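Novice: Sequential numbering from 7 applies to the sequence shown in our numbering.
No lab work stands behind these hints, which were simulated from the structure alone.
Each pair of labels, with its calculated beta carbon distance range:
(1) Gly258 x Asp195: 24 to 30 angstroms
(2) Thr15 x Gln79: 20 to 26 angstroms
(3) Gly80 x Pro46: 17 to 23 angstroms
(4) Glu49 x Glu152: 45 to 51 angstroms
(5) Gly197 x Glu91: 26 to 32 angstroms
(6) Asp118 x Glu152: 20 to 26 angstroms
(7) Ala35 x Gly94: 20 to 26 angstroms
(8) Pro70 x Glu49: 23 to 29 angstroms
(9) Ser115 x Asp243: 25 to 31 angstroms
(10) Asp243 x Asp36: 43 to 49 angstroms
Quick caveat, the model's predicted, so the values are computed rather than measured. All C-beta atoms in this analysis are idealised placements derived from N, C-alpha and C, irrespective of residue type, glycine included.
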Amino acid sequence: MSLPVTEETFETEVLQRSRELPVVVDFWADWCGPCKALSPALEKAAAARAGNVALAKVDVDANPRLAALFRVQGIPAVKAFRDAEVVGEFVGAVPPPRVEAFFDSLIPSRGDELLDAGDELSLREASELEPRRADIAVALARARLERGAEDEALEAVEGHDGDFAAAGIAARVRLTRAGIAADAFAALDGGDRDAALASLLEALEGPAGGNGEMELSPEDRRDLLRRAIVGILSDLDPTEPTVRAYRRRLAGALG
Numbered sequence: 007m008s009l010p011v012t013e014e015t016f017e018t019e020v021l022q023r024s025r026e027l028p029v030v031v032d033f034w035a036d037w038c039g040p041c042k043a044l045s046p047a048l049e050k051a052a053a054a055r056a057g058n059v060a061l062a063k064v065d066v067d068a069n070p071r072l073a074a075l076f077r078v079q080g081i082p083a084v085k086a087f088r089d090a091e092v093v094g095e096f097v098g099a100v101p102p103p104r105v106e107a108f109f110d111s112l113i114p115s116r117g118d119e120l121l122d123a124g125d126e127l128s129l130r131e132a133s134e135l136e137p138r139r140a141d142i143a144v145a146l147a148r149a150r151l152e153r154g155a156e157d158e159a160l161e162a163v164e165g166h167d168g169d170f171a172a173a174g175i176a177a178r179v180r181l182t183r184a185g186i187a188a189d190a191f192a193a194l195d196g197g198d199r200d201a202a203l204a205s206l207l208e209a210l211e212g213p214a215g216g217n218g219e220m221e222l223s224p225e226d227r228r229d230l231l232r233r234a235i236v237g238i239l240s241d242l243d244p245t246e247p248t249v250r251a252y253r254r255r256l257a258g259a260l261g
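All chains should be built: construct the whole structure from the sequences, respecting the hints.
Specialist: This is the structure in structure tokens:
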């Protein structure tokens with residue numbers, strides 16, 4: 007069942023409650039036909055996820071300040087709150103499958119739970135459940151690298167070349183096999199990203215070298231170093247001055 011919410015109760019029933027579980031708010035009006043058409047789908051979706059998602063209703067005619075505060079310009083307007091912030095929304099009487107998908111997006115999947123656990127066994131199960139998720143693949147590969155299982159780490163990120171972090175891990179393994187940038191990856195494993203990036207950029211700017219089990223052409227070496235650098239940078243805040251400086255240096259080395 008949905009809970010009618012007013013301007014007086016919104017703070018408690020929506021904002022504060024959303025710190026415990028997602029709260030979906032249906033902004034509606036009694037005269038609105040599409041609102042009445044959408045309501046059963048919302049009620050059904052909320053009932054199916056009782057205890058994981060709450061549903062509240064705001065009558066925009068009776069609570070105009072709430073409608074204005076959340077920029078409701080057309081109804082039905084549905085907004086999801088988590089930690090007192092809007093994290094998802096849609097407008098209009100969308101079909102029930104879209105309502106179900108909207109509610110599903112608010113609840114952590116089993117893969118999310120296993121990813122949060124973080125141990126290699128959990129990450130392997132998460133990867134089996136959701137093999138298309140690059141974030142899980144990257145976490146699994148990193149866990150495997152921690153115990154020196156480079157072949158298994160490479161296997162974990164196969165098929166995720168479009169993800170910068172995954173491509174960076176694959177490049178790292180291939181560079182290591184070629185005997186290139188070992189110091190950089192040791193620094194990375196030790197938590198010193200700045201030293202790792204500086205070392206990788208020096209390798210990119212400097213002459214070719216390596217003495218590992220796999221020989222690389224100058225072109226392949228250059229591309230793998232680029233991928234390794236971009237993979238590390240993808241985990242960092244792009245607005246940070248040091249990150250911008252690294253990106254400029256990378257662009258200069260490639261140009």
